[in-house]
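**Student:** Take a look at the letters that make up each chain.
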Amino acid sequence: MGFLPPTPAKGSRLLHFAARTAPSSLRTSIAVLLLALCLPAAAPAQSPAEDDPLLRRYLGAMGFFEKAEFPKAISELQKLLTDIGSGPGADSVRYSLAAAHFNSKDYKKARERFSEYLKLHPDGAKAVDAKLSLAQCELSLGDKNAAARGFAEVAQLGGVQKEQALLAQASVQKSLGKKDDAIATLQPILSGGLRSSEAVRAAMLLASLEAGKGARDKALKIVELLFNHPELVENLLEFNAIAFEVGDSFIRAKEPRKAIQAYALIRPKGETLAIQRRKVENLKRLLDSVPAAASDSPKSFDSLARKNALQTALKAATALLAETEKKPSLLGALRIRQARAYAELGRNWEGIVLLESVLSSGDSDGKEEVLFALGNAHSEAGNPDESIAILDRLLQEFPKAKNGDTALHLAGVQYLRAEKFDRGAPYFGRLVQAYPNSKLLESALFLHANALFALGHYDKAKGEYENYTQRFPKGENVDETFYRIALCDFSTGNYAKALPAFQDYSKKNRNGAFASDALYREAVCLFAAREFDRTIKLCDEWEKDFGYPSLRAEVLSLKGDALAAQEKRSEAVGIYKQAIACAQSDRVSQYALMEANKQLQRLGYWEQSTAMFRDFVAANPEHPAVPSAIYWMTRSMIKEGKTGEAKAYLSSRIFLYLEDRNKDAVEPLLTQLAQICSKRPPGTAPAESPGAGAANPQPTPSYDPSAELNRILAQAKSLQTPLGKARLLFAEAELLRFTKRQEEADKILDRIAEQSSPAVLGASLLALSGDRLWSQGKEKKAEAFYVELLKAFPRAEVLDYAYNGLAQIALKAGQNEKAIELFDAAIDKAGALNKLKDITLGRGKALLALGRFDEAKPLFEQVASTREWKGESTAEAVYLIGETLFRKGLFNDAVQYFQRVFVAYQRYSSTVARAYLRAAECFINLHEIEKARLHYREILLRPKLANLPEAETAKKRLAELQTP
Amino acid sequence: MNLRSLLHAFALLAIGLTPSVAPGQEVITRDGKITRTQGLRRDGNFLFLKPVKSEGAPETLIPTAQVERIVFSEPSELAEAKSLAASGNAEAVLEKTKALLAFARPFADLNANLWPEILRLHLAAIASSAHSESLGELQKIWVPTGDADIDGAYKLIASMAPGADRTSFEALWRSHARPGATTLCAALSWLELGESALKAGNWNEAIRAFLSIEVFAAKHSLIQPRALLGAAKGLKARGDSRESASLLSDLSTLYPNSSAFRSAADLFPRANTPSLQKQ
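The listed protein sequences correspond, in order, to chains A and B. Per the numbering used here, the very first residue in the first sequence carries number 1157; after that it's consecutive. Per the numbering used here, the very first residue in the second sequence carries number 678; after that it's consecutive.
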C-alpha cells in the first residue's frame, strides 16, 4: 500500500510512502527489479542493477528507505540527485526524496520537494501522487483549507488516486464543520458500492456525518449494513467508534430504542480480535498459495505483484491486530451506554444484566464506572440491598472513586428510605469528611443531621444542622434546618431554648412549610412553662390561621390539657371530645379519649363517661383503644352501681372475639372480668339491721368468685377450639391471681403453654406462655412461642415479650452481641411497652459480659433508681453495679454496692449470697483477709443462705484462706 | 446475499438506502474457480450446473469432491421467513423453513450457505413454539452444519424434548448462558434457565436469564417473545408492575404474531392493546 490517507475524524493513521512509490519512471528495463523491491526480502537473484552504478546507488538508498532509516535515505538520494542532475531517473529520485522527508515527518521540506517535483516534472508519472502528497503536507502543517483544495484538485484529475483524494477531502471538510459538503464529496466513492477499502471507509465516514447532522436513521442503516459484513471492514476498531458515535447521537436525541440498536452493533474486543485474527490467517493462507517467482516471465510478474499486494495487506492486518490487542476493551463504556439507554425507557433490569456481565467477565476496563452505574441501576430497580452492596464494593475497591461522593450519598439515601437511620448516617458522615468540596455536601450535611435526629441523637443532629446553616446560609433547606434546630431542643426537653427558636421561625416563615407545626410546638413549650393562658391563646390562634385537619386534634388536645391544668374540667372535656372527633391518628384519639375520661372521673360524671365510651366503641369498633374503652366503661358502670350490667356487657364483648386469634383485646377483657368476679358485688352483703348490734350478725351469703366466673362464661364453655379453651383457662388463672392463689394460677398458665401449639394462640398468650417456659429453663420451647409472636403479630402491644425473651435466651447462651441486637429491637421496634425493666437489665448484662463497663453501668443505675421497678431487680441491679466496678478493678467502690445488697435487700437470698462472695473477693484483693473471712462466714451463718450453692463456695474459700 | 450482491446493494443504499438481492448461485471449486449458475442440482457425487453465460448450453458437471463451497443467493421464501421471524411468528416460520430445508438438504454436506441459514431460523422456531412434531421431522433429515452454534442448538433442542429430565441439563445450559454471549445456544439456555427459575419462584434469577436474551441475543427474534413474557412475569411477581407493563408493551408492539403475546393476553388482561384486540 503506497498511500494511506488519515482515518476520517480519528486522525490516527499517517500518510506513509512505501519504497515502491519511487522508481516507476526509471528506465523501464529495470521495472521488474523495482517492483520486486516491494517485497522486503525477495530481491531477484538476477537483475540488471549490477550493470548500472546509478541504479545500484538508488537501490541502496531505497534500502534505507525500506528499513525506515529516512535520514540515511535522504542523504543518499540527495547525493544521487546531484549526480544525476536532470538526467533520466531524476524525477523518480526527486519524488523518493520528497517521500523520505514526508516519512521523517519533515512536512515543510516534503512540501518543498513535492512542489519542486511538480515544477520540474509537471507531466511526470508521479505528478498526481505528488499533488496528493502536497495536500497531505498542507493538512499535516495545519492548513486545512489548502489541503481541501489540493485533494479536490487531485479528485478532479481522476485516476486511481481519485477515491483517496475524495475521502481525504471529505475528512477535512468534516473537520471544518462542512458536513453537507463532506457528504456530497463522498457520493462518487459510494456510487459504485463497497468495492474498495476507500469505499468502506467512506461509508463509515458518511455514517458519522449523517449522525452528526441529525440523519441518524440513515447512519444506523449504513452501520447495520457494514456490521453484517465484517470482511469488508478493514478497521473494526474504527467501525466500533462510528457505531458508538451513532448510538450516542440517538441518546442525545432521546431515541433510546435506536441507540440500543446501534450499540448492539459494537463488537466486544474478543469478537473483534477473533475476526481480525481470521483475516490475518486468511491472508497468510492466500500468500502461501501464490506460486513462487521463478523467472521474469509475465506470469511470474503477475505472481510477484499479487504476492506484494498480499504482503502489504498482511502487514497492515497484523499491525491492526496488534493495535486491537493493545486497545482497551471499552466493554464497560459500551454496557454503561446500553444500560443508560434502557434506563431512558424506564427499564432498569436490562441495565443490571448488562452491567453485571462486565463484572463477571473479569474485564477491569471501566470497572469503577460500571460499579457505580450498577449501584444506580439497582437503586432505580428498587433493590436497595444489592445497590448498597455494589456501592460499598465500589468504595472499597476504588477509595478515590470519581463518583465516590455520589455513591456515598446514594447508599445513605437508600438506608434513609428504608428507615435504617443508623446504617445511613455514617455514609453521609463519610461524605462530609472526605468530600468537603462535593456538590452533594449541602444535601449530605442536611441528611446526616436528619438521620441523627431520627436516631434520637438530638445534640449531634443540632450540631450538624448548625454546621449546615453556617456553610450554606442560603441553602435549599435552610428554613427547615432552623426549624429542626428548634425541634432538637424541643425533643431534648429544652423548651426554654426551643420556644424562642420556634417563635423566630414562625415570625420569619409565617407561610413556611413548618409554620403550622412550629406554632403548635410553641404552644407546647408554653404549656411546659405552665403558661396555660398563653397556650390556649396560641391554640386558638393556630385554629384561626391554619386549622389543618392533620394537626387539629393535637392542638385541641393541647388546649384541653391547658384547660384541665387550670381545672376547667368540663370545658376541657368538651375540647377533648372535639379532638376525638377530628383525630386522624389512633394515638391522638386515644389520648384525648383517656384525658377526657380522667376529667369526667374527677368530676364523678360516671354516666357521662359510660356514654362517651359507648359512643366511641360504637363509632370505632376496630380502634386499638376499644379494649381500654370497654375497660373504663365497665368501671364507670360499676361506679354507677350497675355491676350486673357491666359484667353482661363485658362478657358480650369477650364472646364476640373469643375465638379470633387476631383480637388482642380478649385477654385484657378476661382479666378485667376475672377481677370483677373476684370481688363480692356491692349490695349483695347483708344490710345491718338497726339495733341488732354485733352480737347478732346476719349470716353473710356465700359468694364463690369461681362459680360466678363460670356462670358468666358458661355460654363459652361449649367452645372446642384450642384458642377458646386456652383463653377460658387464662380467665381462670387470672381469677386465681386476683384471689391470691398465684401458684395455682401459674400451674394453669403452664398447662396452656404445654398443651397449646404456638400456631393457635393469640399474641398475649404467646407472650405469657413464652415467659412461663423460659422461667422454667425450657428455652427451645419458649423460643418457638416468641418466634411465632414475632411472625404472626408484628404489631402486637406485647411484641417486646418476644424480643426480650429471645434476647434472654441469647444472653444465656453467651451470644452477647445477638442479645444486644434483640434488646435494641425490643426498644426500637416494639417500644418496650411491657418489659423495659428486663430489657434494660438484660442489655446491661450483655454489655458487661462484653467488657463494655461504661455502657453497662448507667443501665444498672437506671434500674436501681427507678422506683416503679423496686424489688428483686433493684437488688440485682445494685449487685451488677458492684460487679461492673469489680471487673474494672475498683474494689473499694465495688464492695460498697455488694454491702448495700445484703443490707437493704435481704429478701433476695440468691443475690445476697452472691454479693457476700463478691464482697469477700474485694477484700482479698484489698489484702484485708480477715474481712474476707468474715463475709464468707456470714453466708454460712445465715440460715436462708446456708443451703444455697454459694455456701459451698464460701466454705471452700474459707478453708483456703485458713491454710497458712 | 453474496459479496457481489452486497456491493451492488451498497450502491443502491448510497442513493436510496434500499438494498436488493441478485439471483443465482456461485459454485467455488478447490482450484479457486468461481462459476455463476442459474440452475443447480445434485445427483449423487456430482453437481449439475447451468452456467449463467451459457444460456441454452447443456449443463456442466462437477464432482462434489472438487467443490470448495456453494454460495446461494437468498431465496424469496427465506427472506419471507426472516420477515416473519422478525415479528415473532414461529408457526409461520416453521411452515416456510420446512420447504426451504427440503430444497437445501441435498447440498447440506457441501459447505453451502443455505442449510445453516435456514436451520438457524428453523431451530429457533421449534424452540419458540415447542413444536415436537417439527423436531421429529428434522431429526430424520439432520446433517451437522459444522457451525458449533447451530449444531449445539440442535442438540439442546433435542435434549429438551418432552419427557426428558430437564434438571440434568442445567449445567449444560449454564455453560452456554455466559453473560455477553450472543449465540442461539445461549439464548435457548437462558430461556430454559428462566423458565426453571420462574417455576421455583426465583424471580430475580428468572428476570436476569430472560433479559439476557433481550440484551445480548437480540438477533434471535423468534426467542424474544417468550423471553419478554418470562421477564414480565418475573417482574410482576416481585411487584414491579411498571417494568413488567413496559415489557408487555414491547411484546405487543414488536411481536404481535407470537404465541407468547397471545398467552400474555390471558395472563395480563390489562395488557390488552389495540393490536391484541384486533385478533
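Certain hints may be false.
Straight-line alpha carbon distances no greater than 30 Å define the calculated DSSO-like cross-link-like pairs of lysine-lysine that follow [as the list claims (entries may be wrong)]:
#1 A:K1369 <-> A:K1425
#2 A:K1595 <-> A:K1693
#3 A:K1414 <-> B:K913
#4 A:K2044 <-> A:K1993
#5 A:K1410 <-> B:K913
#6 A:K2087 <-> A:K2100
#7 A:K1440 <-> B:K710
#8 A:K1630 <-> A:K1558
#9 A:K1947 <-> B:K710
#10 A:K1235 <-> A:K1261
#11 B:K759 <-> A:K1576
#12 B:K759 <-> A:K1374
#13 A:K1471 <-> B:K727
#14 B:K832 <-> A:K1377
#15 A:K1414 <-> B:K832
#16 A:K1425 <-> B:K817
#17 B:K710 <-> A:K1410
#18 B:K896 <-> A:K1374
#19 B:K876 <-> A:K1523
Because the hints were derived from the structure by calculation, they are not lab data.
**Student:** Which earlier hints can't be squared with this structure?
**Tutor:** 2, 9, 11, 13, 14, 15, 16, 17, 19
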